[in-house]
Amino acid sequence: MNIPFPDLTPATPEIIMTIAATVLLILDLLFKEKGVLAFLTISVAAVTLYTLPMSAGETFGGMFISDTYSTYFKLIFLINIILTVLISLKYIKRQQADYGEYYSLMLFSTVGMMLMASARDFIILYLGLELMALSTYVLAGIKRHDIKSNEAAIKYFLLGAFSSALLLYGISLLYGATTTTDFTKIAAQLQQTGSTPLLTLAMILIAVAFSFKIAAVPFHMWAPDVYEGAPTSVTAFMSVGPKAAGFAVIGRVFFSAFQNMQADWTSVLIGIAILTMAVGNILAIAQTNIKRMLAYSSIAHAGYMLLGIIAGTEEGRQAMMTYMMIYAFMNMGAFAIVILLDKGEEISDYEGLSKSRPLVAALMLVFMFSLTGIPPTAGFIGKFNIFMALIRAGYVWLAIVAVIFSAISAYYYLRVVRNMYMKEMTAEAAINPTPTLSLALAISVAMVFVIGIVPSVIPFIKLV
Amino acid sequence: MSYPILSTVIFLPIVGALLIFLMSRSNEALIKWTALLLSVLTFFLSVPLFLDFDKTTANMQFTESYQWIPSWGIKYALGVDGISVLFVLLSTLLTILCVTVSWNSIKDRTKEFYAALLLTEGAMIGVFCSLDLFLFYIFWEAMLIPMFLLIGVWGGPNRVYAAIKFFLFTLVGSVLMLVGIIVLYLNTGRSFDILQMMNTTYPFNLQLILFWAFFAAFAVKVPMFPVHTWLPDAHTEAPTAGSVILAGILIKMGAYGFLRFSMPILPEATRAMSPVMMILSVIAIIYGAVICLGQTDLKRLIAYSSVSHMGFVTLGIFALNTQGIQGGILQMINHGIVTGGLFLCVGIIYDRTHTRKIADYGGTATVLPIYAALFMVFTLASIGLPGTNGFIGEFLILLGGFTASKPMGVLASTGIIIGAAYMLWLYQRVFFMEVNPKVQGHPDVNFREILTVVPLVLLVLYVGFYPNTLLSFMDASVQNLINRVSTAGQPQQVAQQIIEVIK
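So the protein sequences, as listed, match chains A and B. Numbered according to our numbering, the first sequence terminates at residue 464, and the numbering increases by one at each position without gaps. Numbered according to our numbering, the second sequence terminates at residue 503, and the numbering increases by one at each position without gaps.
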């Protein structure tokens, strides 16, 4: 059998990133000052960003596809890594986690995400998922001497391994029923057979595995502990990247492979989405640690994004994608502030911030209101878009449930604002501004307002 | 008209707020003078709206329209008609007074205060001018942020609770309206154009659902019984400027929403639901008034009187006849002037005594005679004494109310009687009787304070004697609105049944 050498053009971005990550590991031995590696990482991400538009096409016998959908998600992953590196520069040094592997792992993890977004076959999907997940487990535990960081890594690893197992089990059942792992072929098979109990079981297992990755309830248990324990820059990275990758595969798998089982997966996802919004928003109210609060908030946001998938239309999927992009900016912004403030991680540490650091407080205020979804910030556009798609698909009741939870979420975001503006200062806030951190903040806040006022800057923000 | 007046009036304060935010915190004088200058400039720029307004037409005037987000069919469309133009003017006027009354009383984070105040002004004017439902919603929600800060940062002892309560109440109402807006959008052929919606006929059942979705947002803002509970807290705890904006303009946005959206877009549902709305209004009138009798806090009393007065406004609006609606609109303006004036007055005395308890006052008229006279004007206007603006508004509303339903008219009238009782009793307790030591020795109003209150005193009397100046603005628009509400299709069987059930 003669296998022709595959066309590598569609995979160029991934190849560049992989080579760079490997080279970075070697360069790590040469440079004492790890800041160089950080700038190399950003440059590599920028180069990859540049090659993205030229990579359209499919290869490896159709297992790997680079289309607008995957390119859009890769854009989010690259923004994610660039912003994360910008906010981590000095921070990881302070945390005594200034290892060269930090950047290399981040690149590997991003490659994994990119593979997931481009996968059109369960094997590639699984490869990407594991590459992403394993790198992230290590990143979570990169503060080697910190027991909490270690705990986070172990917890993340155990639950992640569990979800990978579920995914594999689902894939193997699916393979048993359809004798293929290719999305398009599965879809074609399903068209003929319709849904059978075996297929439904496989679909549910796969949905559960993805739910772990996006931290949807009831598979969210790992998120708050891992978010709290991991270094804040890694938390920021994790709260956007793997979540976006999870949504990328959900949007791909359910809209292609399981297209004919829409009724089945919709009913599963509706339950998950409602639970996710409820638990995320309600438990966030009880948090006193800002990282835990943001963890629950990110759980809740996964719930809103699932609504776009539930709508089951192309419009809904695009609404989810838009939301993901917006979420990346506002969430990164919020975490950048958490890193900027050296005072502590309790919400009460923000008391009186508006007096000592008016600008920092104002920025945090913008991110909090954006996460709540108040115009004219980007958060509102994201929610509006989701609700519009949902209502158009006929789920008015679900939209009402979602807006109510969204109103509840105002309570805990407002609490941060309240502490900053309406409480007296307990101690002078120390901040650690660095040029790169300020740059990341400036980018985030600018995007929050630009998207909020001129949403058409996001590609894909259009109705069909 | 050589410049886009409405955009200027909306964005000048917003740009000003950013400018102030960039200033150095230590330079308080510069901040205050910039805020004053900007608010006065905004007012003067809005005056052409008053002078060049064409009173003969119900069409939108001073319109501006640009594509904004074409893929969603969203336009940046502004315009005013006889219903909204007066509110724009009221907003620009009251903002100046808010700046002057806060001149010495806001000492903490002055920069943020004036920035928030100007942001609120821009957003409020935006609400009254938007002709695109999406744009309207942006302004409607955006205003919550600075208002939340105004109450929560510079308010009284219980300010944090009041601010969060205000925010959450309004937000829940607004997001339900958002769902309604999207449903309306999908049923209007994917357009947020308000004028297009006014010319579309929606199925009755849809109208009914949408009416309640919009009701959720507007009723909270007005506030109508039973969702009024945020108002006493917010008004009481807000700083003087915040109370003036809340009472003067913000709560008018709810009633304005009914006039601009619920009625012309959902005429049949409005007609079907008008008895329910009138009953809720009358409950608010009487309930608010009775509660006032038991208040021991000056600001809280005025806050509850707002519930009662806004009950009159919604009663007039949902009477669905010319007198009622004109009276309702006029009374909104009046209430803005009078309650705004009362809050300013309370703020002035509070700056001296630092107490809001009625029991801490007494004999104020002996110590501060000029102040007492100014307060008297607003008290009488609040009661509705002939010769003041309150009389004209309430008279028209009662006329409209009687025409629509006699029992409602009678019940509403009792509200006026109780109103006279609580206001006069308040005046007696604060200004007459023995001089309370806490009032003793304070100086009378100074020039800045007189300048702050006098414009409103003049307005009280002017509207009281020449109401036609304001009424003539709204004639055409109100007539147009009534035609729209009363001619759109006859109520169907379902509506009758629903009304039976509710009754």
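Since the hints were made in silico from the structure, they are not lab data. These figures come from a predicted structure and were not determined experimentally. Honestly, I wouldn't trust all of these hints.
To be verified - Here are the simulated DSSO-like cross-link-like pairs (lysine-lysine), alpha carbons at most 30 Å apart as the crow flies:
| hint | chain 1 | residue 1 | chain 2 | residue 2 |
| --- | --- | --- | --- | --- |
| 1 | A | K423 | B | K357 |
| 2 | A | K423 | B | K107 |
| 3 | A | K185 | A | K90 |
| 4 | A | K355 | B | K107 |
| 5 | A | K355 | A | K423 |
| 6 | A | K423 | B | K55 |
| 7 | B | K165 | A | K355 |
| 8 | B | K406 | B | K165 |
| 9 | A | K32 | A | K148 |
As the list claims (entries may be wrong) - What the simulated footprint calls covered on chain B by chain A, stretch by stretch (three residues with Cβ under 8 Å from a Cβ of chain A suffice, anywhere in the stretch; the number is not a length):
| hint | segment |
| --- | --- |
| 10 | 135-142 |
| 11 | 148-160 |
Backbone N, C-alpha and C define an ideal beta-carbon position, used for all residues, glycine too.
How the hints compare with the structure:
Restraint check: the Cα-Cα separation between K423/A and K357/B comes to about 25 Å, which is no more than 30 Å; the hinted pair holds. A hinted pair counts as satisfied when its Cα atoms are at most 30 Å apart, and K423/A with K107/B qualifies at roughly 16 Å. For the hint pairing K185/A with K90/A, the CA-to-CA distance comes to about 49 Å; that exceeds 30 Å, so the pair is violated. Taken as a hint, the K355/A and K107/B pair is honoured in the structure, with Cα atoms around 13 Å apart against an allowance of 30 Å.
Simply put, K355/A and K423/A have alpha-carbon atoms about 10 Å apart, close enough for the 30 Å limit, and the pair holds. Distance hint between K423/A and K55/B is unfulfilled; the C-alpha atoms sit about 50 Å from each other, more than 30 Å. For a cut-off of 30 Å, the pair hint linking K165/B to K355/A stands: about 24 Å separates their Cα positions. Pair hint K406/B plus K165/B does not hold up; C-alpha atoms about 37 Å apart against a cutoff of 30 Å.
Of the supplied pair hints, the one linking K32/A and K148/A holds, its CA atoms being roughly 27 Å apart against a limit of 30 Å. Residues of the segment 135-142 of chain B lying with their CB closer than 8 Å to a CB of chain A number 4, which satisfies the three-residue condition for coverage. Under the rule that three or more residues need a Cβ within less than 8 Å of chain A, the assignment of the segment 148-160 of chain B holds, with 6 such residues.
Checked against the numbered hints listed earlier, the structure breaks hints 3, 6 and 8; every other hint is satisfied.
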